[in-house]
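Based on the hints, put chains B and C in the right spot on chain A.
Chains as they are written, first to last, in my numbering: chain A, 1 to 151; chain B, 1 to 155; chain C, 1 to 403.
To be clear, the hints were calculated from the coordinates, so they are not data collected in a lab.
Be careful, since some hints might not be right.
Capping the alpha-carbon separation at 25 Å, the derived lysine to any residue pairs in SDA-like fashion look like this [said to hold, decoys possible]:
#1 C:LYS52 to A:GLY93
#2 C:LYS165 to C:ASP175
#3 A:LYS108 to C:LYS287
#4 A:LYS67 to B:GLY142
If you're wondering where the values come from, they're calculated on a predicted model, not measured in any experiment.
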Amino acid sequence: MGIKENCFKKSLWVFHLSAGSCNNCDIEILDLLTPRYDVERFGMKLVGSIRHADVLLVTGIVTKKTKARVLEVYEQAPKPIIVIAVGTCPCTGGIFTSGYNFAGPLDKVIPVDAYIPGCPPKPEAMLAGIVKLLSQPPKSGNPRTTSEAQP
Amino acid sequence: MNEKDNLMSIENYISDLKIRFPQITNVEVINVKRLMVHIPTSVLAQITGYWFNELNYRYIIVSAMDSKDGFELIYHYSDDSSGWIMSLNVMLAHNEPTVESMTPIVYGIEWIEREIMDILGIQFLNHPKPERFLLPENWPEGNYPYRRKIRKEDR
Amino acid sequence: MGKKTIVPIGPYHPLLEEPEFFKLYCDGETVVDMEWETGYNHRGIEKICESKTFEQVFYVVERICGICSTSHPFAYANAVESIGAVEIPVRAKLIRSIIGELERVHSHLLWVGLAGHFLGYNTVFMWAWKYREPVLDMFEIITGNRNSYAMFTIGGVRRDIDENKASQLIKVLEDVKIKTDLLVGAVMDDPVIHARLKGVGTLTAKDIHDFGAVGPTARASGVDIDVRRDDPYAAYDMVNWKVITVKEGDVFAKAEVRLLELYESISIINQCLQLLKKEKEGDIKAKVREIPAGIGIGHAEAPRGEVFHFVKSDGGNSPVRHKIRAPSYNCITTFRRSCIGGTISDAAIATAAVDPCYCCTERMIQVYDHNSGKRTMSAAELIKLSQQKTEELNKQFSAKDRS
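So that you can see chain A by itself, here it is in the shape it has in the complex:
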């Protein structure tokens, strides 16, 4: 196992970025921290700075004004980083695709590792998405798995 896989074995620190969302997904992400779901027992933690994060959660459509900022945040992130698109908006644009301020789905802006669709996805769905991502054999070409091929 390479060092890059090793990074994601234990406590994941999560940075949450709202690119232009309706708040629903953001509140549901926060909900994960509260007693009902309590992801902190798995070592997952929301951090206030991207420079400390292993995972970048993006919610909301990428608007033309945020596009540059999303790129900037991605650049500041320590690599390897897992990018997760939470909600229908970053996955496809959903209902906002025809808007004049829509800059494209998230994967046209930065590479995305996992998509959790739903409007909003239930907290359980978010957990399931993260578990799926971590338990699957890493794809080649993904920045976090460039070290060596997995058997």
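Frame of chain A; chains B and C shown alone:
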């Protein structure tokens, strides 16, 4: 107050308003408890001052749209004691979309005027901060998303 | 006197969840001016609505804001139905009010939690959000989704509330009421919170009038307005309730208004459920053929204040112009008055007191600090400052107790 009294008092109110501001072109009750007053731009500041300062109406918002005869600005105020929403309708010519800023009278109107500048390209004279508000920095000048692309006279 | 420093609130507020960007101009500890940058969250919803049919617009406006996801459809329904002069069935009116009030319960609980966090009372945050969960479960049972309920349609509602769901809802509300007592006790009787919040971020009735602020922000300054009472819609004129107003105008007053409104909301829902029992038979949706040409103006009282929708129809099947005003649009501007003159450590809670909703306002998100070289402070630090101040007060009080 029942419906009938309500109608009576609104009729009194309308005639009183017309006497006070003879420049008013038209007053219509568009729906239950909704009044629309059509005025020329010259009395906009006066009526705004009268409603906002003297009658203590609550400022709600300004709706702007590109309609057939020009840019329509609709200033909405609410009379909370009766539940009526009073609107001032000002029509601006397509070729000269300028109007006096109401920010000196109603402080809260600053944001929406800047927003209308962005989306429709209407100029507000004497606005304290006529800068871009909503659209991204690199949005092309002169492209106003809420203007109709094709007008009748262009066809 | 030191030179002015600029403190950006933002890049990104870890707790307000939405991105926002304020620049505070500070002289030492005191805030002397503030500025905001907007447009990050602008999605062009008003334009999108013009390309949808009247029915479809409901699902667009629902996604303006995830927390007020009933208020926007509510105001839009009021606007469109006033154009068509649609009379909706009593059952639909009651169900609309129930959903609207249930939303207020979950939104106010959410706010209490966030405010607790800002002050360094993380227990309150965890409590309030824990007690909010059963309300969300109820939403899932009634509407099928925890947020974005898709309950409204022109002429009524899309799903019914039957006996079984009603009795479950009553049980949940009983529980929420007990928990509210607990939260009210925790906030109202705590001398530290009194000392921390009283006199902070005060808005006078004149400030409210100048900026057109609405909702709990206005009611906490003694301005007695509430759309539900002033211009009754849905079932609000069929039930007994009162508008909560407090005179002080500071952050504590805003908390008080929200907490007491929880009781009113619970009482409204219970009364509506009683009426719903009596009104057993009946449609939940009126038949609507088409929307004639005309102008419709509708407003509704969201948890944060009045939501305003202006719809113009030309007799076609989609709106020609749809203007939306969310309550935060007018409330956020009041920061100019509530923050200036206060200290930086009060800025976080003073801004949070309005319960600003940037998605509603269609505007803001994170910004990275471009004016490097100037001393800046991150949002996390800002919250920390706020929490430290509470801690100091806490120490003072416990010292007093001991002596």
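Mind listing which of the numbered hints don't hold for this structure, in increasing order?
3
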